[in-house]
Every structure is written in structure tokens, then in C-alpha cells.
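**Q** Here is how the chains run, residue by residue.
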Amino acid sequence: MSDQHTPNTMDRMLDLLADEAGCGLSDQQHAELDALLRESLEHSSGEFEGAAAALAEAFAAETEFEPMPSQLRERCIGSARAVMSEAPVEPKVTSTQPLRFSPVREAPRSGFPLGWLAAAACLVLAVFGWLPKQSAVVPANPWINTAGNALTIRQEREAFINAHADAVMWDFSKWGDEYAGVTGDVVWDPSTNVGYMRFSGLPANDPNRERYQLWIVDSARGTPLEVPPIDGGLFDIGSDTGEWVVRFRARLPVEDVFGFGITVEDPEGVVISSQEKKAVIAVKPQA
Amino acid sequence: MSSGSDTTRLEPILPLVAAGQEGAIEAFMDRYSGLVWTLARRMFSDRHIAEDAVQDIFVDIWRHAARFDASMGSEATFVATITRRRLIDQLRKKKRQLTGTPIDESGGVVAVERTDVARAPSISEEAAVARRVLSELSEDQQRVLQLSIFHGQSHERIAEATGLPLGTVKTHARRGLIRIREELAKTGNRQDLTGVPS
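Chains as they are written, first to last, in the working numbering: chain G, 18 to 304; chain F, 4 to 201.
Simulated from the structure, these hints should not be mistaken for lab results. No experiment lies behind these values; they were computed from the predicted model shown. Quick reminder that beta carbons are idealized off the backbone N, C-alpha and C, glycines included. Hints may be right or wrong, so weigh each one.
Covered stretches of chain G, as calculated for chain F (at least 3 residues, CB under 8 Å) [claimed, not checked]:
#1 25-32
#2 64-70
#3 93-99
SDA-like mimics (lysine to any residue), calculated; alpha carbons at most 25 Å apart, straight line [as the list claims (entries may be wrong)]:
#4 F:189 to G:32
#5 F:189 to G:37
#6 F:96 to G:286
#7 G:191 to G:285
#8 G:294 to G:266
#9 F:96 to G:191
#10 F:96 to G:63
#11 F:96 to G:61
#12 F:96 to G:46
#13 F:189 to F:72
#14 F:96 to G:48
#15 F:96 to G:89
Pulled from the structure, derived: some chain F residues nowhere near chain G, Cβ distances all over 12 Å [as the list claims (entries may be wrong)]:
#16 14
#17 22
#18 73
#19 74
#20 141
#21 142
#22 143
#23 165
#24 166
#25 167
Turn these sequences into a full structure, and let the hints steer you where they fit.
**A** Structure representation (C-alpha cells):
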């Protein structure tokens, strides 16, 4: 065989590949498999995936399919329409624009951190005089980043606001202390699931080390204690000063938006944020 | 294809979904929602977790609908591959959250019943190959593969549930998958190489 493995290490590698196709591997097992695969010319991660999928289908066919709940089916169909209606990456957005929207996934229900509710409650209680359009004053040096394109997206945002009278507009406030100087707002239209965020003073990030991640809290899915926020995607802020705008589209329908939070995460993003690095948050003003 | 008359080569729907054809999404759901939901429910007895996983799965499917290539494998296997990948992701996250506890604490050990290989509805060619290979395996091997692949149980948990030595469980799982993969390769299936998103 061309692999640099003894029979024992070959068996171990195949065991790990089989487990990978069964219930997945722990991080430690992944590392072990990676090390073994580096010595292998014939094997690769995921090589049993197709066989496992065929086998799973065969097993499933032996059972009576439990019908998918109708509400779940409708949500899946709704997500299809949302995905299919997404515009392709717009050429007018340059690489310096913070629009590299790359949604990951909605977090599972369990393990929802309390910080979201605490942050929202603190904001509601403590930020007196908190007005929906607090940052209506345009910074002195807006859209400095990429003049032509930025102006285009600024106009796009303004046109969006004019076209969506029902869109909400909330201000961002600090969530982590080091982001006290950040200003910005979010405008969100629930009918289209599209929104725009503006930031001034949000520090530049190195995309190779960490990225900003948007989280959307939807009250319709349950209280913030019960349901984790929807992952809204990753974005980057460049080193140019001035105001940055991020256009985003929620991957899943948001029926009753409660808030938007920004955390700093690993470059690939996370499913559940540990909230070790909280940046800014915008929540629904209390009546 | 040697699997006989119980296989079906249905016209794929994903290209129509990708093209935005009216009714394609609903047709796709009609065909595959049962498969996806069944696979999810087998791995997760917690309905909420299964629902969340299924939503993620379908978003993945919609996003990659245009990448499906019927010449490389069946649509059902494409769907099952994405489904299992996301379910395993979810399973691993759940395991992380339940560190130190059994992985399927909410559902306990699943019932293990021998697969009746003679009684099966229409399935994809790949699944028919898998079923045929399965029918040639011992009952223990079938049980191991069922618990591992269908129920997402770890080898350690399967050893506990079946009373088989851990080494035997690993050998059964490994050899079973190798055989199915070899048989799939003989039929020209290239599902392992499809552009199923990672």
C-alpha cells in the first residue's frame, strides 16, 4: 500500500473515518484523524459519507416516515423563498465594503446564554431617553471608505428606508465596555427580512483572526431565555475611519424582531456565541 | 445496476428549485421532507432540536440546489448526505453541551430491530445497493450499522447497548462501510465526490 501506515494505524484511521460518518468526531479525534490522513495517500476525510448516506436512506425506507409537522414544513418552504430571493453578490460592493455576508446557521435552542436578556434588560432600564433615531446626525466624515461605492450603498439604504415605511430603526449602544465609543443604527424591514446597519467607531478587525457576527433576536420564536438568537452572518470592518454600512438579510424569517447584537467571533463564526467579546447591541424600545 | 426493480430513478427536482420554477419547492418538500424528518427524529428524540436541525438542513439544500449534479449520484443521496452532515454537526454540539453525560440522554438507547430487507419501498439506486450489502451481513453487523448510521450512536454506546466488545463494534462499522463504498463504486456512483457542500 502506498500509505505510510502500519496495519494498526490503518485500522485506527478507518475506525475514525467510520465514526466520522456515524456520529461525528470530537475535536481530539479530528486532530488524530487529520494527523493520520497526512500520512495517507489513499484516504481522505468524509470518504464514508456517501456510503453512510445511502445506508441511512435504506434504513429510513424501512420505517414509516413520520410526516413533517406542517408548521416546520412551511418554515422550510419560507426559508427556500428567502434563500432564492437573495440577490447575488453585488458587483458594486468592493472588497473593502463590510458586506461579506456569510451566514452560518441558526443556533440550537439549548444553551442559550443569559447575557442576551440581561443586556436587553439593562438597556431598556438604564438607557433613559433612548430614542429610535438618536444618531440621526451624520458623522462628519461619512462614507470615506470607498467613495463611489459607499455613496451607492448609502443611497440604497436611504431608498430602502423610503420604500419601507414599516421598517424599524433602532440605535446601537455599547454592549462591551470597550465599544462605548461606537455609534450606529440598524434599520430592518420584517416583510423583506432585509436590513442595514451603520457603524462609526467600530474597530477594524483582522478577518484572519476574528470577525464580527450579527445575531437577531426574534420574540416570535420564544423569549430570549428560551430561544437563542438567529445567526445573522459575519462581516468585517476595514481600517478606514468613518462610517461603515452593512446590508444583511436574515437567513430565516424573523416575525417579531426584538434586538440585534454584534459579537466578535472566530473567522468561521460560531453557532452559539459565548459572548466573550460583545460589541454593540440594539433592542426594541419599550413602550 | 443490479439492485432489481425496487429502485427508482426519479427526475430530480433540485434543478427546478434552483431555476425558481413555481411549485418546485413544494414538490421537493413532498418528496423529501419525510426522509429528512425521519433521519432527524432518529438522531434526536428532542423535537425542538430536530426541528432546528431540519430548518438548517433545508437552508443548506436550497443554497446548494444548483450544485446538484445528477450524473454523480441520486438526488436522494445528495439530500441524505447534506442531512446527515448537519445532523452530525448538531449531534456534536449537543455532545459538547452534555459533556460527561450520555449522548442521547433525552431519548435513551433506541430500540434495535433487525432490518427486514425484503420489505422495502422504492428507494434510490445507492440505497438499494446499501440495502443489498446489508442483507449479506450478519445480524450483529446490521445492528451496529443501524445504531451508528441511522441513530448516530457512538461506537462506545453501541458496545454498551448491544453487549458486543468495542473492538467488534468498530470492526463491524468499518467493514460494513467499506463494503458499501466498494459496491457503490462498482455501480459508477461517485457520490463521495459530489459537490455536496461541506
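**Q** Does each hint hold? Answer for all of them.
**A** The hints, checked one at a time:
1. 25-32: holds (count 3)
2. 64-70: holds (count 7)
3. 93-99: holds (count 5)
4. F:189 to G:32: holds (23 Å)
5. F:189 to G:37: Distance of about 23 Å is within 25 Å: holds.
6. F:96 to G:286: Cα-Cα ~14 Å, so holds.
7. G:191 to G:285: holds (24 Å)
8. G:294 to G:266: holds (23 Å)
9. F:96 to G:191: Measuring from Cα to Cα gives roughly 30 Å; hence the hint is violated.
10. F:96 to G:63: OK: residue 96 of chain F and residue 63 of chain G at ~18 Å, within 25 Å.
11. F:96 to G:61: With a Cα-Cα distance of about 23 Å, the restraint between residue 96 of chain F and residue 61 of chain G holds, given a limit of 25 Å.
12. F:96 to G:46: Holds, because 15 Å separates the two Cα atoms, which is no more than 25 Å.
13. F:189 to F:72: holds (19 Å)
14. F:96 to G:48: The hint holds at about 17 Å.
15. F:96 to G:89: The given pair, whose Cα atoms are some 22 Å apart, holds under the 25 Å limit.
16. 14: Holds, because the least Cβ-Cβ distance between residue 14 of chain F and chain G comes to about 18 Å, which exceeds 12 Å.
17. 22: Given a closest Cβ separation of 10 Å, the condition is violated.
18. 73: holds (15 Å)
19. 74: holds (15 Å)
20. 141: holds (16 Å)
21. 142: holds (15 Å)
22. 143: holds (15 Å)
23. 165: Non-interface label on residue 165 of chain F holds, nearest chain G Cβ at 14 Å vs cutoff 12 Å.
24. 166: holds (19 Å)
25. 167: holds (14 Å)
Consistency with the previously given hints fails for numbers 9, 17, ordered from lowest to highest.
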